[in-house]
Amino acid sequence: MTAFEYGTGIWAFGQFVDRYAGDGYGPPRSTEEMLDAAAQVQGLTYLDINVPFATDSLNAHDVKTMLDDRGLKCRATTPHIYMREYSRGAFTNPDSELRLRTRNRVEEAVEAAAVLDAGYVKFWPGQDGYDYPGQVDYEQIWGYTVNAMREICEKHSDVQFAIEYKPKEPRVRMTLANAPKTLLAIQETGVDNLGIVMDFGHSLMAGESPTESLLMINRYEKLVSAELNDNWRDWDDDLPVASVHLFETMEYLLALRSIEWKDPLLLDQFPFRENPVAAVARSIETIEMLSEACTRVDGVELAEAQSRQDALTVQRIYWNALLGSPRFP
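If you count the sequence shown from 1, you need to add 477 to reach this note's numbering.
Just so you know, not all the hints are guaranteed correct.
Stated by the list, open to error - No farther apart than 20 Å at their CA atoms in a straight line, the calculated lysine to any residue pairs in the SDA-like style are these:
| id | residue 1 | residue 2 |
| --- | --- | --- |
| 1 | Lys550 | Ser507 |
| 2 | Lys699 | Glu737 |
| 3 | Lys658 | Glu685 |
| 4 | Lys632 | Glu584 |
| 5 | Lys550 | Trp738 |
| 6 | Lys658 | Lys699 |
| 7 | Lys645 | Arg496 |
| 8 | Lys739 | Ala770 |
| 9 | Lys550 | Glu482 |
| 10 | Lys645 | Leu660 |
| 11 | Lys541 | Glu588 |
| 12 | Lys645 | Asp495 |
| 13 | Lys739 | Thr479 |
| 14 | Lys658 | Ile618 |
| 15 | Lys739 | Asn695 |
| 16 | Lys658 | Glu616 |
| 17 | Lys550 | Thr479 |
| 18 | Lys541 | Gln517 |
| 19 | Lys658 | Asp669 |
| 20 | Lys658 | Val668 |
| 21 | Lys658 | Arg627 |
| 22 | Lys645 | Trp619 |
| 23 | Lys699 | Leu731 |
| 24 | Lys550 | His538 |
| 25 | Lys550 | Val587 |
| 26 | Lys541 | Val592 |
| 27 | Lys699 | Arg627 |
| 28 | Lys541 | Glu584 |
| 29 | Lys645 | Gly684 |
| 30 | Lys550 | Val754 |
| 31 | Lys541 | Ser507 |
| 32 | Lys632 | Leu577 |
Read the hints as simulated data drawn from the structure, not as lab findings.
Given only the sequences and the hints, what does the whole structure look like? Please build it.
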């Protein structure tokens, strides 16, 4: 029995482009090709799927059939509200026509979610924010953001929505940049069907302790989804799990155990230079290994050490659990 059910963004199996390799890392891939790759990952069941689909000719019923044929499921739909046409914002675009187009794109994702049996519709407004001091009216773009999400959630009160926050990229500074700001925005909407996708790597970028933010979001009952990956804190590298932050990842997994997390654990990865199937599989293997180590942690001993803020004892507990033997007395 595995520690979690696992999912990832369908984009993990697509073509990756940065500002230097404009011709892309690897060839463009169709929706069918990406699903074929996802089906090769042992232990992977769920996908977060972008709307519109990578293959324009497909509709949601086509994609549902393709998922079923491969034993895969849709965990979330994510509307493309961060592409070139939204370069000056989606919910916060100064052009009212573009703001309306954003709403329409979200409607497409809601409709697709119903067909695909998705658990939630994700907001990732990566172009909402600013790049320069004085560029925007901060109160105005905050109001645009909160009002748009409130109206969408009220219109679809039977649909679960979730915001994935991030401090930067593509905008230099994004509006929904961290856990506290996102919780405040949700509180201001006043709706019950809006929560947070807690991305480990985005939290690192925001200068947070991912576990602290995870528990704070859960405390306010707004944790819709948990995502794992890794980075060097200064950029959204989307590396395989625990590539850099071993103890932070273990702490995060212990927290998921403490809150009795039962929903799928998603992997948000961009394997630019690695084989995507192998990279996602490695993350699942790593989580399983670390989860096994977590079962060797004496919860009472850990709580007592934390009550004393005894960092060295906590490290001993972690290392002994990881090594599977009392290497450190």
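Comparing the hints with the structure gives:
As the CA atoms of Lys550 and Ser507 are separated by approximately 18 Å, the hinted pair is consistent with the 20 Å bound. Restraint check for Lys699 and Glu737: the C-alpha separation of about 15 Å stays at or below 20 Å, so the hint holds. Taken as a hint, the Lys658 and Glu685 pair is honoured in the structure, with Cα atoms around 13 Å apart against an allowance of 20 Å. For the hint pairing Lys632 with Glu584, the CA-to-CA distance comes to about 10 Å; that is within 20 Å, so the pair holds.
As the CA atoms of Lys550 and Trp738 are separated by approximately 19 Å, the hinted pair is consistent with the 20 Å bound. For the suggested pair Lys658 and Lys699, the alpha carbons sit about 13 Å apart, so the restraint of at most 20 Å is met. For a cut-off of 20 Å, the pair hint linking Lys645 to Arg496 stands: about 16 Å separates their Cα positions. Under the criterion of a C-alpha separation no larger than 20 Å, the hint pairing Lys739 with Ala770 is consistent with the structure, at around 19 Å.
The straight-line distance between the Cα atoms of Lys550 and Glu482 is roughly 11 Å, inside the 20 Å bound, and the hint therefore holds. Pair hint Lys645 plus Leu660 holds up; C-alpha atoms about 18 Å apart against a cutoff of 20 Å. For the hint pairing Lys541 with Glu588, the CA-to-CA distance comes to about 13 Å; that is within 20 Å, so the pair holds. Among the hinted pairs, Lys645 with Asp495 is consistent with the structure: their alpha-carbon atoms are about 15 Å apart, no more than 20 Å.
Restraint check for Lys739 and Thr479: the C-alpha separation of about 12 Å stays at or below 20 Å, so the hint holds. Among the hinted pairs, Lys658 with Ile618 is consistent with the structure: their alpha-carbon atoms are about 13 Å apart, no more than 20 Å. The hinted pair formed by Lys739 and Asn695 meets the criterion: a straight-line CA distance of about 13 Å does not exceed 20 Å. For the hint pairing Lys658 with Glu616, the CA-to-CA distance comes to about 13 Å; that is within 20 Å, so the pair holds.
For the hint pairing Lys550 with Thr479, the CA-to-CA distance comes to about 17 Å; that is within 20 Å, so the pair holds. Distance hint between Lys541 and Gln517 is fulfilled; the C-alpha atoms sit about 18 Å from each other, no more than 20 Å. For a cut-off of 20 Å, the pair hint linking Lys658 to Asp669 stands: about 17 Å separates their Cα positions. With a C-alpha separation of about 16 Å, the suggested pairing of Lys658 with Val668 holds against the 20 Å cut-off.
Distance restraint check for Lys658 and Arg627: the Cα-Cα separation of roughly 16 Å lies within the 20 Å cut-off, and the hinted pair is therefore satisfied. Restraint check: the Cα-Cα separation between Lys645 and Trp619 comes to about 16 Å, which is no more than 20 Å; the hinted pair holds. At most 20 Å may separate the alpha-carbon atoms for a hinted pair to count; Lys699 and Leu731 meet this at roughly 19 Å. Under the criterion of a C-alpha separation no larger than 20 Å, the hint pairing Lys550 with His538 is consistent with the structure, at around 13 Å.
Straight-line distance between C-alpha atoms of Lys550 and Val587 comes to about 16 Å, which keeps the hinted pair within the 20 Å bound. A threshold of 20 Å between alpha carbons decides the hint, and for Lys541 with Val592 the separation of about 7 Å falls inside it, so the pair holds. For the given pair, Lys699 sits about 15 Å from Arg627 by alpha-carbon distance, which is consistent with the 20 Å threshold. Note on Lys541 and Glu584: the hinted pairing holds, with a Cα-Cα distance of about 18 Å set against a maximum of 20 Å.
Simply put, Lys645 and Gly684 have alpha-carbon atoms about 12 Å apart, close enough for the 20 Å limit, and the pair holds. Taking the CA atoms of Lys550 and Val754, the gap is about 17 Å. The hint holds against a cut of 20 Å. Among the hinted pairs, Lys541 with Ser507 is consistent with the structure: their alpha-carbon atoms are about 15 Å apart, no more than 20 Å. Pair hint Lys632 plus Leu577 holds up; C-alpha atoms about 15 Å apart against a cutoff of 20 Å.
Of the numbered hints given earlier, the model fails none.
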